[in-house]
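K.L.:
Next come the chains, spelled out residue by residue.
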Amino acid sequence: MAPSTTDVLLTDLHVSYVQKLGQNKDDLTYHLTSHLRLNAIYWGFTAVCILGRPDALDRDEMIAFVMSCWDEEAGAFGAHPDHDAHLLSTLSAIQILVMQDALDRLDVDRVVKFILSLQQPSGVFAGDKWGEVDTRFLYCAVNALSLLGRLDLLDKEKTVGYIERCRNYDGGFGNSIGAESHSAQVFVCVAALAILDRLDVVDVDTLAWWLSERQLPNGGLNGRPEKLEDVCYSFWVLSALSIINKVPWIDAEKLSSFILSAQDPESGGIADRPGDMVDVFHTLFGVAGLSILGYPGLVDLDPVYCMPANVIETRGLRKNWQALPRRQ
Amino acid sequence: MFWLIDRGGGGARLGAWRQRYGARPLRSAMHNVKRTRQTPEEREARKRKEQTKIEEFTSLSQTVLSKKKDGDWSQDAFNLTTRLLQVNPEFYTIWNYRREILINGTFAKSSPDEIKSVLTDELAMAMSALKAHPKVYWIWNHRRWCLENVPNVPGQESEPSHLGWKQSAWDRELFVVEKMLDTDPRNFHAWNYRRYVLARMPNAKPESAELAYTSRKIETNFSNFSAWHQRSKILTSLWAQGKLDEAKSREEEFELLRNAMYTDPNDQSVWMYHRWLVGTGGGKTILEREITAIQELLDEQPDSKWCMESIVHYKRLLVKSCADEVDVTSLLGECKELYKRLQELDPARRRRYQELAEEIDS
Ligand SMILES: [Zn+2]
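Those sequence lines, one after another, are chains W and E.
Residue 68 in our numbering sits at position 68 of the first sequence, with consecutive numbering throughout.
Residue 42 in our numbering sits at position 42 of the second sequence, with consecutive numbering throughout.
Calculated directly from the structure, the hints in this document are not laboratory data.
Yeah, the Cβ is synthetic: ideal placement off N, Cα and C, and Gly gets one too.
Mixed in with the good hints, there may be bad ones.
[To be verified] With a straight-line Cα cutoff of 30 Å, these simulated DSS-like cross-link-like pairs (lysine-lysine) come out: (1) K109(E) / K49(E); (2) K20(W) / K53(E); (3) K20(W) / K47(E); (4) K129(W) / K109(E); (5) K113(W) / K319(W); (6) K67(E) / K25(W); (7) K305(E) / K254(W).
[Claimed, not checked] Which residues of chain E face chain W? A few of them, derived with a C-beta cut under 10 Å, are: (8) R99; (9) F188; (10) N192; (11) H229.
With the rest of the complex left out, here is chain W (with noise of 0.2 Å):
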C-alpha cells in the first residue's frame, strides 16, 4: 500500500510554499504581517536552508530587503523599512546576513553597541528603548553577539545570574524572574547558557523530565503542564533536549507523525496542528524538529542557534549538543 501524502515530508511543496510567500502581495494578511517580515524571511530561508534547497530564494534581494530594514537612528534592524529598531529583528538580519556569508554589509560597531545598550542592571536585556524585558531578549543579544564574534563585551556573570534566578523547581524556566516554566523560555535560556559555555546552571535530569512529560498521547508537545501540543513546540522542547543530550528521552516516531500529519498536502507549509491554516513559522518549526529526528534528507539544524548546523560549525562555534542520527 502506498503512505498517505502526509506519511512523508513534502519537501518541493515547502520550498515552493516559501518561495511564493513573498508574491501574496493581494492577501491582506501579508499587509497586517509586515511588522514580523525581517523574521518572517529569516523563518522562511532557515526553513529551505533545512529542507536543502538554500538557492530557493533570491540572495541580492534577499540582502538588500534586509538592509532596507536598518533603522539609522538607532544603528539597529527594524522588522520592515521605516518600522523601529527592535533586537528581535535585529538577531533575525543578523543570522540573515549570516546564513548568506554577507556580514561585510553591516556596521558591526554599530550593532554591537545598540544590543549592549540593552542590558539592565539584573542582567536581562530589554527589547529596545521602551524597556520591555524577557529571556527572550537575553537569548537574541547573546546569539547575536556570538555570530559577530563580539561575545567578550558581554559581562557573562550578570548575564547567566539572571537565567540562573529564572530556573523553577521543575527545572524550567520562565521568561523573567518568578515566571512559570516555558518550553519556548527554557530553550532560549538553555540555548543562552550553552553559548555561554555555562550549562552547570542546568538541572538535566530534572529539565529533561519536565522537557519529556511535554509529549502527549498524540505525540504531539505542549509547552507547558496540562496544555495542547502544537507544532511549533516541536523545536523549543527538542532543541532544549538535544542541547542536554536527552532526545531519546521522547517518542521520536510518534512525534514525527504529529509533525508530518500538519503539513498542507495540496499547497505546501506546516500548520500548528492537523487541518490547521499553515504559516512560515510553523513551517520552519515543524521542518526544524524534523531535521532534530534525523528525517532522512534533511540538513542538520543547529539547535543552540537555529540555524543550519555547518554554518555554525564554519565559524567555529559548535557546541556540544545531540541530535538522532540522520535516517536514510
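Fit chain E with the ligand to the known structure of chain W by using the hints.
P.N.:
Frame of chain W; chain E with the ligand shown alone:
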C-alpha cells in the same frame, strides 16, 4: 528570531473585534485557524473583497509612518495611530510612535491633572485591545508604560495623598488582570503582569492575600498549573519571612494535594507541585509518609503512571538522603520493578525509565 506564541483562550471575544474592524486577528492567524479549501472562483472573490482593505491599510500605514518620520506630534496623528492599532494591534512601531506623541506633544503642554486623564483614556483603549487580543505582548507592554507614567497629585508633596492617583491606578490594574485571568486562567502574559503589578504597586498587598487568590484559582480548577506555580513562589517567600509557620503550612499543602490527587490522579500539575513541596524539606518522615499515601492511591488505581513515577522518585530520594537509616537494597529493587512497569505503561518515555534503571546498577 522568533515570537513565542502561546495558544488557547480569548477566542470568544474575537468576533466583535473582527466585525468592527474587519481585520483578522493576527496572533490567531498563526494559531488554531482551520484550513479551508477554496475554489479558484472563491479565491478570486475573496481577493477582490480584500483589495479595498489592503489599500486602506497600506495607505493608513504610509500616512502614519511618514508623520512619524516628520516628528508630527499632533492630536491628528495620535488619532490616526488609534485607527491603525485597531486594525493591527501588533504593529509595535505604531505603539512606539503613540508614546512619542504623548511624551513630546501631549504631556509637554498638559497639567498633571490632564496627563492623568489622558493616561486613564489610554489604559481604557489598551483594555479594549487586550480583550480582543489577550496575548499580544505590545499591548501589555503599553499598559505598563501608562501605569508607570501616572503623575503624583500636585501640591501635596508631603502628604500621603500625594500618591493617590498612582494608588488608584495600580489598584484598578489588579482588578483588570483578575478579569483577564477569569477569561483564561493560564494566560502567562496575565500572570506575569500580575506579578509585576503586585511587586510594584504603591500600597503593596500582603502576600497572604495572593495566597488566598491562588487557593480560589486552584479550587476552581486543579489543573491550573499557573496557579500552583504562583503558590509555590508565594509560600517560599512567606516561609522565608517567617510570616507563616512553615511546618504547619506544609501540612496544609499536603492535605490540599491529597484531595487533588484523588480527584484526578492523572493531572500533572498536582504531581509537579507535590514534587516541589516534598523538595522543600521534611526529611525521612515526610518522604516515607508520602510514599505510603501514594501507594494507597496506586493500590486503588493500579495503572496510575504518576503514582509510580512519584513513588520511584521519592524512594530514590530516600536512598540518596538517608542511606544509613533505610533498607537500600530492597528500596532500589522496588525502584527497578517500578521502572519496568513504567516502561510498559508509558512507552513514549521508555528510554528515560531505562536509563534511570541502569543508573541504579552502575
Ligand atoms: Zn505554535
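K.L.:
Confirm or reject each hint.
P.N.:
Status of the hints after comparison with the structure:
Restraint check: the Cα-Cα separation between K109(E) and K49(E) comes to about 43 Å, which exceeds 30 Å; the hinted pair is violated. Taking the CA atoms of K20(W) and K53(E), the gap is about 21 Å. The hint holds against a cut of 30 Å. Restraint check for K20(W) and K47(E): the C-alpha separation of about 16 Å stays at or below 30 Å, so the hint holds. With a CA separation close to 24 Å, the supplied pair K129(W) and K109(E) stays within the 30 Å bound.
With a C-alpha separation of about 26 Å, the suggested pairing of K113(W) with K319(W) holds against the 30 Å cut-off. At roughly 24 Å between alpha-carbon atoms, K67(E) and K25(W) fall within 30 Å of each other, so this suggested pair holds. Restraint check for K305(E) and K254(W): satisfied, since their Cα atoms lie roughly 19 Å apart, inside the 30 Å limit. With a least beta-carbon distance of about 7 Å to chain W, the hint placing R99(E) at the interface is held under the 10 Å criterion.
Given the 10 Å rule on beta carbons, the hint for F188(E) holds: about 6 Å separates it from the nearest Cβ of chain W. The criterion of a C-beta within 10 Å of any C-beta in chain W is met by N192(E), whose closest approach is roughly 5 Å, and the hint holds. Annotation: interface hint on H229(E) holds; nearest CB of chain W at approximately 4 Å, less than 10 Å.
Hint 1 from the list above is the single one not met by this structure.
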